[in-house]
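Chemist: Sequence:
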Amino acid sequence: MGDMTNSDFYSKNQRNESSHGGEFGCTLEELRSLMELRSTEAVVKIKETYGDTEAICRRLKTSPIEGLPGTAPDLEKRKQIFGQNFIPPKKPKTFLQLVWEALQDVTLIILEIAAIISLGLSFYHPPGESQEGCATAQAGSEDEGEAEAGWIEGAAILLSVICVVLVTAFNDWSKEKQFRGLQSRIEQEQKFTVIRAGQVVQIPVAEIVVGDIAQIKYGDLLPADGLFIQGNDLKIDESSLTGESDQVRKSMDKDPMLLSGTHVMEGSGRMVVTAVGVNSQTGIIFTLLGAGGEEEEKKDKKAKQQDGAAAMEMQPLKSAEGGDADDKKKANMHKKEKSVLQGKLTKLAVQIGKAGLVMSAITVIILVLYFTVDTFVVNKKPWLPECTPVYVQYFVKFFIIGVTVLVVAVPEGLPLAVTISLAYSVKKMMKDNNLVRHLDACETMGNATAICSDKTGTLTTNRMTVVQAYLGDVHYKEIPDPSSINAKTMELLVNAIAINSAYTTKILPPEKEGALPRQVGNKTECGLLGFVLDLKQDYDAVRSQMPEEKLYKVYTFNSVRKSMSTVIKLPDESFRMYSKGASEIVLKKCCKILNGSGEPRVFRPRDRDEMVKKVIEPMACDGLRTICVAYRDFPSSPEPDWDNENDILNDLTCICVVGIEDPVRPEVPEAIRKCQRAGITVRMVTGDNINTARAIAIKCGIIHPGEDFLCLEGKEFNQRIRNEKGEIEQERIDKIWPKLRVLARSSPTDKHTLVKGIIDSTHTEQRQVVAVTGDGTNDGPALKKADVGFAMGIAGTDVAKEASDIILTDDNFSSIVKAVMWGRNVYDSISKFLQFQLTVNVVAVIVAFTGACITQDSPLKAVQMLWVNLIMDTFASLALATEPPTETLLLRKPYGRNKPLISRTMMKNILGHAVYQLTLIFTLLFVGEKMFEIDSGRNAPLHSPPSEHYTIIFNTFVMMQLFNEINARKIHGERNVFDGIFRNPIFCTIVLGTFAIQIVIVQFGGKPFSCSPLQLDQWMWCIFIGLGELVWGQVIATIPTSRLKFLKEAGRLTQKEEIPEEELNEDVEEIDHAERELRRGQILWFRGLNRIQTQIEVVNTFKSGASFQGALRRQSSVTSQSQDVANLSSPSHVSLSNALSSPTSLPPAAAGQG
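In this note's numbering, the protein residues as written are 30 to 1183.
Hint data in this document are derived by calculation from the structure and do not stem from the laboratory. Treat the numbers as computed from the prediction; the structure is a model and nothing was measured. Certain hints may be false.
[What the hints assert, rightly or not] Here are the simulated distance ranges between beta carbons:
1) Ser-665 - Cys-620: 18 to 28 angstroms
2) Val-402 - Leu-1059: 40 to 50 angstroms
3) Phe-152 - Thr-123: 29 to 39 angstroms
4) Pro-538 - Asp-839: 16 to 26 angstroms
5) Glu-758 - Gly-625: 51 to 61 angstroms
6) Lys-591 - Leu-317: 21 to 31 angstroms
7) Pro-692 - Pro-511: 23 to 33 angstroms
8) Val-230 - Phe-199: 34 to 44 angstroms
9) Phe-152 - Phe-199: 28 to 38 angstroms
10) Pro-692 - Leu-562: 17 to 27 angstroms
11) Gly-80 - Ser-665: 47 to 57 angstroms
Glycine included, each C-beta is placed from N, C-alpha and C at the ideal position.
Make a model of the complete structure from these sequences and hints.
Modeler: Take a look at the structure:
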């Protein structure tokens, strides 16, 4: 397979090999071809070529027990010959590519065309210079110098387009850079355990070299290819490479091949690394993808244009045959819904886009009609050929005005604001110990209504200590004195704990004086080892007598067994098995118990019941985890059948039962109180005993005594939610989950069932948004199903991190509360921005529109509009989207999915400020010249010099926006808009910066900006009118919103429109999430225009009776082809279902749009 495609690797490495030929006994190729074999073939090949795995270790100059010496030259040499454990990422988009993408914007293209036409015409002087008679308004105000300056407007528009494009491209570029930084940070944080010079060390995955001896355990994601050299009960999930979900059992004699990218589901062991980086199995696949990617893209471009129409034509057929197939497909696919905000914004952008398009069209039509009627009908001028360029110039001017209205109306700053806000939050959340893997998770978190949290490690400190013990018929309430314990019992106990636990688990001396000893490895086992140390015994001595290689058989801990057992061979050839696990499970299998003198006595079921009542339940009610330690002896012959677990794990002798305390983290109760106040229900889902769980839940404040709540065990939970046939019924779950607070002894499937049940529930009027925390491999499905999955950064396994949206780098529940705060802040930032943006939009559009209709010329010129657009869109999105969150965000309930984006209060603010601004601007427009005693700017001919009159209007307009930006900082009708303004330096900088640039534009902008310099008193008036905004804001705040019933809300998501994204197949999802985020912005309102184009085209097509093809070709090129066009009842639906489902990616074909 690899020989052809990767010949370039070989050629690179061949040179090295020829020089280092004799260094190692295996070449890179030999190892690579070996790793391509599977199971028995590989075993045969190893036997034939090398003898055994030990021989391979010798050839690679490594020791299976000591590992590599770890000297720098040796490691360097290995890297040179066998490569590094690093897969080079795909090349990022260059800045120029991003500029090109930003240029695809339809409005910008229209502006560019208009500007170029305007430029062309200004240079074109027709023969016969006598144009006096051409147009009414042309009368001689134009002196020579002005006629020469006709090109300036076109050039200025082009310049501002370039500005907008560069800003957009720069934003995209920095966003991509940030994202890559984030990715690399996630990668650097991944460490792996290897043995070097006999020491167990953790090194970054990229440092692993061929010949390293790596320790693998439950939950690891293997970082390189290797051969299994020692271990027990190792089961691997190879579905990421083979696609088969069955776990593969690894052993020396049947299947020793361990492949990178696969997950360890059970057991532990050691492997010798044989291939890293691009030479490992995953690396080979990535390289093929990388090399194939570029060719594919070229093919795709062609294919997309051809297949587009075909794909769309085929779709209706599928749904016509009957919806079954489609529904099944929907059910199987992994649905990730559009994030709440994204859905609402898309809808709003489309609505605004439509309105803007209509307004701009009307503006152009009115201007053109007025001009033609006035010139040719009223004044009865003939159309003279030499006048054509002049008329065309007028029409171009009108066209430019129309486009400017559109530019101002369409909020292209929306996607920008969303991105900036998310990117900013993600950056800041890193400081709050939240590593966000998927951008939109951050905003979804603000809408969370339920959190299902693990207990161990999240709510508790995950520092286990044994505080009580039942030993030799005595219940000790604190650690017993070693002398009071029988020597025989003591020896059994120490052996049982030291040998029957992972050898990677240790207790190391503290790093600082006076600190607690460091616990490494499994925390429960650390607690038990700590107990051995407290009894003044040494577990290391036991382990060195019985090294890991000598262990006869190990049954590792998994969520089904809930216990772990290790078999050893005693000197007299007989076997002894040590067992430990959850006390109620292990005690059921005990038939004897050690008494005070260390002798086993009979342990009957009624003794067990008494023990549960007297010992285990009191321990559990103190919030302790109870663990039972037991053993059993087997004769040497006949040797027991070790695979028959039920027989082996029976007839045990109980040594002792210990109660392990895991204290609640001090900051958790406060964090949970904040959650409950913010309208978020916290539920605890744990594998622990129900009494322990309940005790901890009360300590945390998840349940308050006297409330109406449920605490269930997994078994009872399952009985209650399943019907007679054993199927899960949603109605049954709906009866339970609203009151359920603690789910104990739960399996990973229970967790998944609960999350799914809450998400699918229609019990409440709002769909619940659920966050879940998880650390184990088996939490993967629940993390993926939840709206936001939190994985533990410290205790979490790689599998859990892979499935999560956010990684908690400090494993602390209170960091989740921070995430909620940031999420709500993102939502509020977007609302603030919208409130500001829409006020400007409404005012600018109405001014341009009425101005154009009454005075044939928009009071705000194209270039000025673009500057206003730049302030509004880019700068305002920066200023308002970077407001830091405050604790007050946690005092309100979540917004939920159907709460509109623009609330009544915001609508009141938008319309209120619009009224103020319009009143003043129209006053200035029609009587301004009298107030300031200056020349009127109305009815100025083409190319006339800029008037002071219109400059004052433009300046006042910008001043009002600046002060309104301060008003926009509050959206819930608060009085003090300056509250906390200095906590946001970006905001202050932008407001002052904009003000400074405005002064420069007005005083020195001249012809390009159609400005003439103003006197100081005129400036004072402009600023004074601007300041009026703040006063007016207070007036608006006094009007009670409840009185204004007529105000409509906007941007609401109805149930029907939550069309799940179907494009997301499981495997694609991880890679393309980021890509999609990056591109979504550009698409947001590409689509608004696109829908209208399609509707027109569909209608035309139907008129001409042609096929669907033409109409749908553009559709399929802009939005993805995987939508379900099931609702084909009327042609306009085609565009609708496409516009609502979210884009997967912006295909290259969209570039052809211009």
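Chemist: Now, for every hint given, state plainly whether the structure supports it.
Modeler: Hint-by-hint comparison with the structure:
1. Ser-665 - Cys-620: 18 to 28 angstroms: With a Cβ separation near 22 angstroms, Ser-665 and Cys-620 satisfy 18 to 28 angstroms, so the hint holds.
2. Val-402 - Leu-1059: 40 to 50 angstroms: holds (44 angstroms)
3. Phe-152 - Thr-123: 29 to 39 angstroms: For Thr-123 against Phe-152, whose Cβ atoms are near 34 angstroms apart, the range 29 to 39 angstroms holds.
4. Pro-538 - Asp-839: 16 to 26 angstroms: holds (23 angstroms)
5. Glu-758 - Gly-625: 51 to 61 angstroms: holds (53 angstroms)
6. Lys-591 - Leu-317: 21 to 31 angstroms: violated (42 angstroms)
7. Pro-692 - Pro-511: 23 to 33 angstroms: Holds, since Pro-692 and Pro-511 (Cβ atoms, about 25 angstroms apart) stay within the stated range.
8. Val-230 - Phe-199: 34 to 44 angstroms: holds (43 angstroms)
9. Phe-152 - Phe-199: 28 to 38 angstroms: Holds - the Cβ-Cβ distance for Phe-152 and Phe-199, about 32 angstroms, lies within 28 to 38 angstroms.
10. Pro-692 - Leu-562: 17 to 27 angstroms: Hint holds: Cβ distance 19 angstroms, inside 17 to 27 angstroms.
11. Gly-80 - Ser-665: 47 to 57 angstroms: violated (31 angstroms)
Violated hints, in rising order: 6, 11; the structure is consistent with all others.
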